[in-house]
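Protein chains: 2
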Amino acid sequence: MIHITGQDILGLDRISRLGLINSITGLKPANLIGTISADGQTNLAIISSVVHLGSDPPLIGFIMRPFVGERHTLENIMATGIYTINHINESIAARAHFTSADFPRSISEFDRCKLIPQYLKDFGAPFVAESKVKIGLSLAETIKIKLNQTIMVIGRVEHIIMDEDYVMADNSIDLNASETICISGLNTYHRVEKIAEYPFANQENTPDF
Amino acid sequence: MIHITGQDILGLDRISRLGLINSITGLKPANLIGTISADGQTNLAIISSVVHLGSDPPLIGFIMRPFVGERHTLENIMATGIYTINHINESIAARAHFTSADFPRSISEFDRCKLIPQYLKDFGAPFVAESKVKIGLSLAETIKIKLNQTIMVIGRVEHIIMDEDYVMADNSIDLNASETICISGLNTYHRVEKIAEYPFANQENTPDF
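Sequence order for the protein chains is A and B. Quick note: the first sequence, position 11, residue 11 per the numbering used here, numbers continuous. Quick note: the second sequence, position 16, residue 225 per the numbering used here, numbers continuous.
Any given hint could turn out to be false.
[Said to hold, decoys possible] Okay, derived cross-link-like pairs now, DSSO-like style, lysine-lysine, Cα gap no bigger than 30 angstroms in a straight line:
hint, chain 1, residue 1, chain 2, residue 2
1, B, K403, A, K114
2, B, K323, A, K194
3, B, K403, A, K144
4, B, K355, A, K146
5, A, K146, B, K353
6, A, K144, B, K353
7, A, K194, B, K353
[Stated by the list, open to error] Computed Cβ-Cβ distance ranges for the label pairs, DEER-style:
hint, chain 1, residue 1, chain 2, residue 2, range
8, A, A177, B, A338, 14 to 22 angstroms
9, A, A79, B, Q250, 46 to 54 angstroms
10, A, G40, B, F332, 49 to 57 angstroms
11, B, Q216, A, E90, 28 to 36 angstroms
[Unchecked claim] Selected chain A positions facing chain B (Cβ under 7 angstroms, derived; list incomplete):
hint, residue
12, G26
13, L27
14, R71
15, T73
16, L74
17, G81
18, H159
19, A177
20, H190
If you are wondering where the hints come from, they were derived from the structure by calculation, not from laboratory data. Just so you know, even glycine gets a beta-carbon here, dropped at the ideal spot from N, CA and C.
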């Protein structure tokens with residue numbers, strides 16, 4: 001076993017620290033954020049920090065880090081008030097990963113990484129056609145985290161588009177059927193295999209382990 | 210394909226809405242938060258909302274929802290200023306799940322769910338011995354999200370304990386080796402299988418898709 005202290009972490013070079021700290025939270029959801037600028041230029045960004053905030057109202061957050069170059073995504077969300085979150089599946093993993101390259105604003109990641117923008121009537125932000133679970137959101141709040149200047153972007157779920165076969169008996173989404181994948185660290189992708197499902201836990205149904 | 214609107218979501222019964230909205234963010238990290246009260250009572254809570262916030266300083270957040278009963282976890286963190294985050298692996302999935310039952314404060318989930326508390330010298334919060342990647346944190350900030358009264362708890366990484374074999378060449382953690390699992394929705398658990406690893410993306414190494 002190794003024991004790495006806070007002091008040890010401070011002593012790491014930047015790349016080693018990024019590798020370590022980006023992987024210690026465990027497996028991360030793999031999503032593409034789709035946006036469009038006020039003048040109609042689309043943008044696509046891979047994000048591993050999407051988090052569920054609540055169901056009533058339905059709110060989802062993600063973390064935007066200050067060092068993310070030109071931050072087209074955040075600029076577009078602030079300008080238009082809308083964006084999409086699209087699950088990444090195995091067939092688009094490579095294309096999704098390379099949306100993280102430092103493309104200038106004039107190059108849309110949809111074009112460069114060969115992903116197809118898809119639109120709903122009356123909702124201007126682009127969905128990713130190849131994604132099997134697509135969410136359209138309206139910006140609800142941005143919260144600046146003073147400790148490190150990151151920004152938490154909170155959106156309200158306005159649209160969900162998916163195959164109806166993915167909806168299970170309890171209304172949750174079958175993420176094996178949608179072939180949704182997950183991320184570890186900065187650049188490693190994983191498919192998943194369901195191992196267990198347990199009931200809503202209470203004192204009475206908790207087994208004697 | 211189905212198209213569910215924000216209006217449709219508002220019309221769902223509570224259980225259906227919870228099932229749907231808890232699963233739309235994709236796969237979620239599976240972690241146990243270990244805490245201890247000022248008078249020495251340990252607590253363990255399963256949390257699927259842990260998110261990486263930054264590497265310098267090393268910061269990790271998680272979301273505490275207001276409806277989570279007595280909220281022993283948050284009370285303990287506020288009282289002691291320290292807590293642990295422990296990766297859940299397949300062999301402890303069931304025990305980890307049932308820590309979410311409504312046990313009274315007098316019953317420690319460590320005892321009831323048969324998980325072993327483990328301590329570091331000079332750090333009072335309990336780690337989960339059976340977990341293969343364990344993190345000790347100091348409370349850095351709590352942020353109340355006014356939209357729904359949830360609380361984001363932000364901690365600074367003070368300790369990482371794991372098998373040294375999990376550390377890969379780029380210093381990230383091999384989450385397949387640590388058998389870390391992930392969660393979908395409220396109650397479904399998945400093992401993972403690595404499918405791809407890509408380089409840090411830039412304009413030059415982006416393939417012609």
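Here is how each hint holds up against the structure:
no. : hint                                     : in the structure
1   : K403(B) with K114(A)                     : 24 angstroms, holds
2   : K323(B) with K194(A)                     : 24 angstroms, holds
3   : K403(B) with K144(A)                     : 34 angstroms, violated
4   : K355(B) with K146(A)                     : 17 angstroms, holds
5   : K146(A) with K353(B)                     : 13 angstroms, holds
6   : K144(A) with K353(B)                     : 12 angstroms, holds
7   : K194(A) with K353(B)                     : 34 angstroms, violated
8   : A177(A) with A338(B): 14 to 22 angstroms : 36 angstroms, violated
9   : A79(A) with Q250(B): 46 to 54 angstroms  : 50 angstroms, holds
10  : G40(A) with F332(B): 49 to 57 angstroms  : 53 angstroms, holds
11  : Q216(B) with E90(A): 28 to 36 angstroms  : 33 angstroms, holds
12  : G26                                      : 3 angstroms, holds
13  : L27                                      : 4 angstroms, holds
14  : R71                                      : 15 angstroms, violated
15  : T73                                      : 15 angstroms, violated
16  : L74                                      : 16 angstroms, violated
17  : G81                                      : 14 angstroms, violated
18  : H159                                     : 6 angstroms, holds
19  : A177                                     : 11 angstroms, violated
20  : H190                                     : 4 angstroms, holds
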